[in-house]
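**Q** These protein sequence lines map, in sequence, to chains G and W. Counting with the working numbering, you get residues 288 to 506 for the letters of the first sequence. Counting with the working numbering, you get residues 854 to 1323 for the letters of the second sequence.
Hints may contain errors.
[Stated by the list, open to error] The calculated DSBU-like cross-link candidates involving lysine-lysine, where the alpha carbons are at most 35 Å apart (straight line), are:
hint, chain 1, residue 1, chain 2, residue 2
1, W, Lys1226, W, Lys1272
2, W, Lys908, G, Lys344
3, G, Lys344, W, Lys1299
4, W, Lys868, W, Lys1244
5, G, Lys344, W, Lys1316
6, W, Lys1316, W, Lys882
7, W, Lys891, W, Lys880
8, W, Lys862, W, Lys1316
9, W, Lys868, W, Lys1272
10, W, Lys884, G, Lys344
11, W, Lys1272, W, Lys1299
12, W, Lys891, G, Lys344
13, G, Lys344, W, Lys1226
14, W, Lys1026, G, Lys344
15, W, Lys1235, W, Lys882
16, W, Lys1026, W, Lys1013
17, W, Lys1316, W, Lys1244
[To be verified] Computed Cβ-Cβ distance ranges for the label pairs, DEER-style:
hint, chain 1, residue 1, chain 2, residue 2, range
18, W, Asp887, G, Gly399, 42 to 52 Å
19, W, Gly956, G, Arg400, 21 to 31 Å
20, W, Thr1030, G, Ser371, 27 to 37 Å
21, G, Gly374, W, Ser1155, 35 to 45 Å
22, W, Pro1174, G, Glu384, 36 to 46 Å
23, G, Ala300, W, Ala1252, 33 to 43 Å
[Said to hold, decoys possible] Example chain G residues on the side facing chain W (calculated, C-beta under 8 Å, incomplete):
hint, residue
24, Ala301
25, Val317
26, Arg338
27, Leu339
Quick caveat, the hints were computed from the structure, so don't treat them as lab data. Note that the structure is predicted; figures quoted are calculated from it, not measured. Built from N, CA and C at the ideal position, the CB exists for glycine as well.
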Amino acid sequence: MGARENILRRIRAAQGRTGSEPTEAEMALVRETLARREIGPQPAFAHAPDRLAQFRKECDRLGTTHATVRSEAEVPGEVARYLSETGLELRLAGWREYAGLDWPGAGVAFEGRPARDGDATGLTGCFCAIAETGTTLLLSAPETPKVTALLPETHLCVVHAARVLDTMEDAFALLRQEVGEPPRSAFFVSGPSRTADIEQTIVIGAHGPYRVHAILIEP
Amino acid sequence: MLVQSMHFKQRASEKLGDALLQGNMRKAKGKFVDGRAKAVAEFGVWEELRTHAAKIRDRAIANLDAYLVEFERNATRRGAVVHWAESAEDACRIIVEIALQNGVKKVAKSKSMVSEEVNLNERMEAAGLQVIETDLGEYILQLAHEPPSHIVAPAVHKSKEQVADLFVAAHGKPRLTEIPAMTREAREALRGHFLTADMGISGSNFIIAETGTTLTVTNEGNADMVTTLPRIHCVITGIEKVIGTMEDFAALIRLLPRSAIGQTITNYLTVTTGIKMPDEADGPEQMHIVLVDAGRTRLVGSDMQEMLRCIRCGACMNHCPVYQNVGGHAYGWVYPGPMGSILTPAYVGLENAGDLPNAATFCGECAVACPVKIPLPDLMRKLREQQFDRKLRPWTERAAIAAWGFVATRPGLYALMSKLGARVASWMGGREGLIHSLPGIDGWTKGRDMPAPAGRTFRELYKRRASHRA
C-alpha cells in the first residue's frame, strides 16, 4: 500500500468510511458543492457606490500612487511625467501590447520584452482590478510576463476603469468567464513590497518593487 | 525542528528575565493586537464571516479525502506532480530525491512552517544542497542558526542591533544602524540567489481543490521570486490546507491578513496553478506538490479535529498573555502560543509537551481572536484531562486535583472545609489583614501580599444577613 492509500484510508476510517478511495458518489457530491461556488459575507465597503473612488482610497492605504488619463494614447506622457518627477531614467521594459504607443514622442525608451534584473522600471497592464482592496490582478500568458511586475524597483500598471471590479469574487467570476481556469500565475498586487521582520518596523521595498504606480484610464 | 517542549518551564523562567525579549514582545503586541482590533472594527460583518469561515473549513475536513483527491486530479491535469508523504522523513526524502534527480545545486526557499516541522533544510544540506531562506525574518534566523519564535513574524525576538551584527558577519560590509538600509542590504544579498537557484520551495497557505491551485499570502515578494524564477518549483504543505473553491479563498483572505497583522490584504497573493505553458515567458518547467500528513490524520475524527481549521494567522499567540511574556522559543517547537499548545502535543506526543496545555489561564482571548472560531481553551482543557487520565502530571498535582475533586463533590464537606479555611486564612493575616507567605505555594506571595479574607464564608455571611432581615 502506498503513502497515498494509507493517508486516504486513515482519513476515511477516522470518519467512519471504509476503503482507501472516495467513491464516485462521494466525489459527485463534493463536486456539486464546489460547483455552487458559495460566496461568504462581504463588508459593506466591498460594494462602494463610487467604485473608482474606493479603488483610489485603497491604493492610498497601501502606498500605490495613482494618476488618471483619458486614453491609452496619454499613457506615455503620464509615464514620462511620473518617471521624471520621481527622478528615474525615462526607460522601461514593458508588455508588448503597449509597444505601439507614442513612446518616442514622450521621450521614453520602451523595450517590449520581459524585465530582467537590472531593469529599473517595468510597465504592465492587468487582467482586472479590485476596488475593495486596491488590487490589480495580473495573469501569466506568453505576452504578459510576471517578472516585469516583480523584478524592477518601479512597477507601472495600466488599469482600464471598465476593468475595475468590486471584489475578488467578481475577479474570479470574470476569470472563469474569459479565461476558463486560472493560468500558471494569477498575481494579485496590492501596493509596493514591504517587510516588518526587523523590530516590527515597516520598510517599504523588500524583494519586490519599491514603488507601484497605477495609471487609470477613464475615458 | 528539534523538540524542546519538555523544557518549557525552565525556558519560560529564563525568558521572563530576558529584558530584550520583553521589550520586543511589548512592541509586537501593540502592533499586532491594535492592528487587528482596528481592522476588525472597520469591517462590519466580521462575526458573520468567522462563522462562514469555520463552516467552510469544517466542510473541507469532513470531506478531506474527496477534497484531496479532487485537488490531486486538477493539479495533475495542469502538469504538477503530486506526492503524498506520511511522515516527516518521507517528505524530506521525496524533496531531496527530486532535487538530486534534477541536478539541483541551490534551493531558494520562501517561508514554510511545515518545512520546519520536518527539518527539511537540515536534510537538504546533509544531501549536499545549498539552501537559502529568502523571507527576511527566516534569512536572519538562518544566519543566527536559530528557529523561528512566531509563525508570521519569525524574528520577532531579535533586535536591530543583533540583526546588524549578523549581517556584518555574513555580508562582510560595514555595520549598518538603520532598518531600511539593512533591508536593502538583505534584498541585494538575496537577489542573486533568486536568479541562480535551480529549485524554489514554497509553502502554501491554502490549496484549492476545484482548480489544483497552491498559493502564498506574502508582503515581501520573495515567494513570487521563488515560484517564478527557478526551473523547478516544489510546494510543501499539510493535507489540512485544502479548501474547496476560489470563492472560499476570497472569503478566508479577508480574515487572514487582518487577524495576523491588521492589514486589509497582503501586498502579494501568488495563486499558482500547474507549470508554465510552452510559449509562456516565465515560470517553472516542473512543479511538485508534496502533501504532508505527519500526524494530521490522527486529528481527523478526534477530540482535536477543530484544530485542523487553523489558517496559521498567529492571532491566538498575539493575544495570549502567556505568549506575550515568554515569547515563542519557550514552547520548544514550530508552533507557539495556544495553537502550539494543541498541535505540539498532537504531533510530537503529549508526554513530550505536557506543560504546554497547562501554560494557559483560559482567559479566552485566543478563542475570541481566532478567525475560524477554534475553541482553543476547550481543546487545551481536553488535553489537561487526557494528561490526568494518563497520569502524565506530577503526583503532587494529581493528588491535589483529586483532593479538590473529592471535596468539591461533597457539599457538606466543602462547606466545612471552606469555613475552616476562611478562619485560618483570616488568622494568618493578623492585625494587618495581609498574608505575607502562603505555605506550599510561596511563589505566589514572593512579590506580593495576599489580602486576608473576612473570616467567614460568603454563605455564612449571606445566611446571617438574611436572618437579620427576617
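**Q** Which numbered hints are broken by the structure, listed smallest first?
**A** Result: hints 1, 3, 5, 6, 8, 9, 14, 17, 21, 22, 26 and 27 break, sorted rising.
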